[in-house]
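First to last, the sequence lines map onto chains R and U. All residue numbers for the first sequence refer to my numbering, where the first residue is 24 and numbers rise by one. All residue numbers for the second sequence refer to my numbering, where the first residue is 639 and numbers rise by one.
The set of hints was computed from the structure by calculation and includes no laboratory data. Just so you know, these numbers come straight off a predicted model, no measurement behind them. Treat the hints loosely; a few may be bogus.
Once the Cα atoms are required to be at most 30 angstroms apart in a straight line, the calculated BS3-like pairs of lysine-lysine come out as [unchecked claim]:
hint, chain 1, residue 1, chain 2, residue 2
1, U, K890, U, K689
2, U, K798, R, K62
3, R, K62, R, K31
4, R, K62, U, K881
5, U, K689, R, K62
6, U, K887, U, K961
The following label-pair restraints were derived from C-beta to C-beta distances [unchecked claim]:
hint, chain 1, residue 1, chain 2, residue 2, range
7, R, S375, U, G888, 36 to 42 angstroms
8, U, S944, R, V410, 55 to 61 angstroms
9, R, N357, U, D796, 50 to 56 angstroms
Heads up, the beta-carbon is just placed ideally off N, CA and C, and yes, glycines get one too.
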Amino acid sequence: MAEIQTSKKKRLFTVCGLIVLLLGIALYFAKAPLGLNRKIYDLPIFLIIIGLGFACKGFMMKPGEGELVLSKKAFGEFLTNNAILLAMLVLVVVICILQPRFMQVRVALDILTQSSTKLIMALGICFTLLIAGTDLSAGRMVGLASVVSASMLQTATYANRFFPDLPQVQLWMPIVIAIVACMIFGALNGFLVAKFDMHPFIATLAVQVIIYGACSLYFDMPPNNSQPIGGIRPDFAQLGQMRLLSGLYRGFPGISILIPIAVVICIVIWFILNKTVFGKNVYAIGGNREAAVVAGINVFRNIMGIFILASCLYGIAGVLEAARTAGATNNYGNGYELDAIAACVVGGVSLSGGIGKVGGIVMGVLIFTIIQYGLQFINVSPMWQQVIKGVIIAVAVAIDLTKYRRK
Amino acid sequence: MRKIFILALTFLLIFSFAASAEEIKIGSCIYRFNDAFMLRFRNSMSAESEKLGAKIELADGQDNQAIQNEQIDSYILEGVKVLIVNIVDRMTAQPIIDKAKTAGIPIVFINREPPLEMLNTYDKAYYVGAKAEESGTEEGELIADYFKNNPDADKNHDGKLQFIMLKGQNGHQDMILRSKYSVEAIKNAGIEPVEIASAIANWDKLQAMQIMNGFAMSIGPENIEAVIANNDEMALGAIEALKNSDYNKGDKAFYIPVVGVDANASALDAMDKGEMLGTVLNDADNQGTAAVRLALALANGTDLKSIGYEITDNKYIWIPYQKVTRGENK
Numbered sequence: 024m025a026e027i028q029t030s031k032k033k034r035l036f037t038v039c040g041l042i043v044l045l046l047g048i049a050l051y052f053a054k055a056p057l058g059l060n061r062k063i064y065d066l067p068i069f070l071i072i073i074g075l076g077f078a079c080k081g082f083m084m085k086p087g088e089g090e091l092v093l094s095k096k097a098f099g100e101f102l103t104n105n106a107i108l109l110a111m112l113v114l115v116v117v118i119c120i121l122q123p124r125f126m127q128v129r130v131a132l133d134i135l136t137q138s139s140t141k142l143i144m145a146l147g148i149c150f151t152l153l154i155a156g157t158d159l160s161a162g163r164m165v166g167l168a169s170v171v172s173a174s175m176l177q178t179a180t181y182a183n184r185f186f187p188d189l190p191q192v193q194l195w196m197p198i199v200i201a202i203v204a205c206m207i208f209g210a211l212n213g214f215l216v217a218k219f220d221m222h223p224f225i226a227t228l229a230v231q232v233i234i235y236g237a238c239s240l241y242f243d244m245p246p247n248n249s250q251p252i253g254g255i256r257p258d259f260a261q262l263g264q265m266r267l268l269s270g271l272y273r274g275f276p277g278i279s280i281l282i283p284i285a286v287v288i289c290i291v292i293w294f295i296l297n298k299t300v301f302g303k304n305v306y307a308i309g310g311n312r313e314a315a316v317v318a319g320i321n322v323f324r325n326i327m328g329i330f331i332l333a334s335c336l337y338g339i340a341g342v343l344e345a346a347r348t349a350g351a352t353n354n355y356g357n358g359y360e361l362d363a364i365a366a367c368v369v370g371g372v373s374l375s376g377g378i379g380k381v382g383g384i385v386m387g388v389l390i391f392t393i394i395q396y397g398l399q400f401i402n403v404s405p406m407w408q409q410v411i412k413g414v415i416i417a418v419a420v421a422i423d424l425t426k427y428r429r430k
Numbered sequence: 639m640r641k642i643f644i645l646a647l648t649f650l651l652i653f654s655f656a657a658s659a660e661e662i663k664i665g666s667c668i669y670r671f672n673d674a675f676m677l678r679f680r681n682s683m684s685a686e687s688e689k690l691g692a693k694i695e696l697a698d699g700q701d702n703q704a705i706q707n708e709q710i711d712s713y714i715l716e717g718v719k720v721l722i723v724n725i726v727d728r729m730t731a732q733p734i735i736d737k738a739k740t741a742g743i744p745i746v747f748i749n750r751e752p753p754l755e756m757l758n759t760y761d762k763a764y765y766v767g768a769k770a771e772e773s774g775t776e777e778g779e780l781i782a783d784y785f786k787n788n789p790d791a792d793k794n795h796d797g798k799l800q801f802i803m804l805k806g807q808n809g810h811q812d813m814i815l816r817s818k819y820s821v822e823a824i825k826n827a828g829i830e831p832v833e834i835a836s837a838i839a840n841w842d843k844l845q846a847m848q849i850m851n852g853f854a855m856s857i858g859p860e861n862i863e864a865v866i867a868n869n870d871e872m873a874l875g876a877i878e879a880l881k882n883s884d885y886n887k888g889d890k891a892f893y894i895p896v897v898g899v900d901a902n903a904s905a906l907d908a909m910d911k912g913e914m915l916g917t918v919l920n921d922a923d924n925q926g927t928a929a930v931r932l933a934l935a936l937a938n939g940t941d942l943k944s945i946g947y948e949i950t951d952n953k954y955i956w957i958p959y960q961k962v963t964r965g966e967n968k
C-alpha cells in the first residue's frame, strides 16, 4: 500500500495539467499546417481549458487536503463512486472518434445552453427532494408559464393572436404574471403538504392534473382554441435566443443568454441553501423532521416557502422555454420533472432527504445533457436512448444507496 | 343546502336532454383537442352544423383509444343520430364500427383512415379526408421546384439533393405516406434525393428544434440542402434551430429550404418572413363541411348526391391538398 502525500499529488496534478495544456497549445498552432482542421476541430481549445483547470487545481491545493491512498480497495471505491462520470467520459471519447464534429466549441456551448433550463428545473426540484419529498407538478408548471407568457407577448400583426385586442405590454409584465401563476399553484402544493401532512408525491400529483387542466382551459379559450401559440414578439424571443459576445473571434457562435441566467440562478440558490436560515431549515427538516420541530423550526412556513420557491424556478424555466422556441403549447414541459429528479439523483441528491449540493446538481444535469446530446449526435435510435437513460438512473441510485450502507 | 344543489343539478340535466331532443344530434370524437389541424377541423364542423340546424357534440379523446371507445359508448347511449370519429388508432377501428352497426347509427371517419376491409364490414361507414400521399407528393414538388429554380440550392454541386426528414409519430399513416411520397416526388422530378439523416419528432416543435439543433451541429448546415417535415410545427422547430446556427434569417447565402404540411398560422407567418419555403394545406374547412353534410345526409336518409362532394367507391370523400408558398398568403 502506498500513500501519496499532498505535495506529491499537487505536483502530479500540476505537471499533468501543464502537459495537457502544452499539448493543446502545440496542436492549436499545428492543426492548420498539418491539415487537421476538419479532423480535430476545436480539440486544442478543450485541451487548453482542461489542462489549465488541472494545473490550477494542483497549484491551489492546500496541504493536508485530498490525501490519496493507492490501494485496490481505494481504486475500486473510486470507480464505483464515479461510475456515471467515467461512463460519460468514455462515451464522449467514443463520440469524438465516431463524429469528430463533436469537438467544437459551439457544440459545448449548445450543450450548456440545453442544460440551462434543465438546471433551473433541477434546482427547483432539489428543494422538494431535500425534504424527502418530490414535485410531480414541475413539468406542467413549465407548460403553464410558457403558455401564459407567450399568449400575451405576440406581435401586433400576427394573424392568430391569443388576445386580439391586447396592446403591446411591457415585456416584464406577462413574465411576472406567468411566474406568479406558477407560484400560486406552488403555494397550493405547499399548503396540501404542510397543512394536511399529505405526502408530496400525491399532493403534487393532484396539483399536476389541476394545472394541466387549467392550462388547457386557458389554451382552449376562443379565439385561440388550442392552436399552438406563435408570432412571438422578437424582444421576448431574444430573452431565450440572444447570444452574447458573438463577434469575439471569427466563427465564434456566441454564448447563449440562457447560460448566464442559469449561472446567476445557480449562485442565488447556492446562497439560499448555504447562507440563509431558510436553507439550513430545509436541510434540518429533510434530515430529521421531528428534531426540526423540537428545535422550534416552523415547518409549515418552511414547506410553503420550499414549494413556492420551487414553482418560481419552474415558472422561469417555462418562460425561457417559450422564448427559446418562440412558441408554446399546453404540452410544453411534459415529463420535465422526471428528467430533473433523475439529474438531481445522478448529482448525488438523496431521495431520503437532507443530502444534496448545488455543485452536485450542476454535475448531474451536465452529465445527463451530455449523454443525451451525444447519443443524439451519433444518431442512436431514440428507443435506445430511453433504455440508456433508464440504466443511468438505476445505476446512480444503486451507487448512492451502497455509499450510505458503507457508512 | 346539499339537497337543493343536487336537485338543481338533476333538473339541469333533464332540461339539457329535453332541449336537445328535437334537433339532430351528431356525436363527434376528436383524437386530441390541442392539435392545431383538428382544431380547424372541428371549428369547421361546428360552423357547418350550426348552419344546417344540427347539434354537434365534441369529445376530446386525449390521444387515448380506450378513452375514445368509452366516449363512443356514451354517445350511443345518449342516442346520437350519427357519429363522426377521428380515431386515435386507425388499426383498431373494427370494434368501433361494430358498435355503430349494432346500434344502427351511421359512422363517418375523419382525418385518420381505417383500412378498407374494416370500412367494408358496415354499409353506413364512410371516410372523409385527404389522400396522405398527395401531401407528401406536393411537399416533394415544392422542394424539387425550388431546387430547379435555384442552382445554388445544390450546395455541394453534386447534382443530388441532400435532405433531412423530420417525421411524426411512429406508425402514423400520415408519417409513413408523407415521408415516402415526398421523396418519390423529388425522384420523379428528375433529382436524386439523398437522405442524410431522419428522426422522429412526434409532430412536436420543441422536439424537432432539439433534434435539428443536433443535426446542425453534427452534419453542419452547410451540408444540408433541404429539410422536409411531416407537419408545420416540426418545420417551425427546425427553423428555430437553423436560426440558432445563423441560417434562414433572410440572407439568401445562408438558407435551407424547409417545407411542412398544414399551413397553420405560425407557418404562414414564417413564410412571410422568408424563413420557410412552403407548406401544403390540408383543407380542414372543406373536410369538416363535407363530414357534417355527409353525416346529416346519412342520419336523415337523404340522397348522398346532394351534399356537394363526390363520393368515390361508395365509401370515401377525398378533399385535395393545396400547395402554399410565399407571397400567396398576404
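Hint by hint, here is what the structure shows:
Restraint check for K890(U) and K689(U): not satisfied, since their Cα atoms lie roughly 47 angstroms apart, outside the 30 angstroms limit. Restraint check for K798(U) and K62(R): the C-alpha separation of about 25 angstroms stays at or below 30 angstroms, so the hint holds. With a C-alpha separation of about 36 angstroms, the suggested pairing of K62(R) with K31(R) is violated against the 30 angstroms cut-off. With a CA separation close to 26 angstroms, the supplied pair K62(R) and K881(U) stays within the 30 angstroms bound.
Our distance criterion of 30 angstroms between C-alpha atoms is broken by K689(U) and K62(R), whose separation comes to about 66 angstroms. For the hint pairing K887(U) with K961(U), the CA-to-CA distance comes to about 23 angstroms; that is within 30 angstroms, so the pair holds. For S375(R) and G888(U), the hinted distance range of 36 to 42 angstroms is not satisfied, since their beta carbons lie about 54 angstroms from each other. Range check, S944(U) to V410(R): about 56 angstroms between beta-carbon atoms, so the 55 to 61 angstroms window is met.
For N357(R) paired with D796(U), a C-beta distance near 41 angstroms fails the hint of 50 to 56 angstroms.
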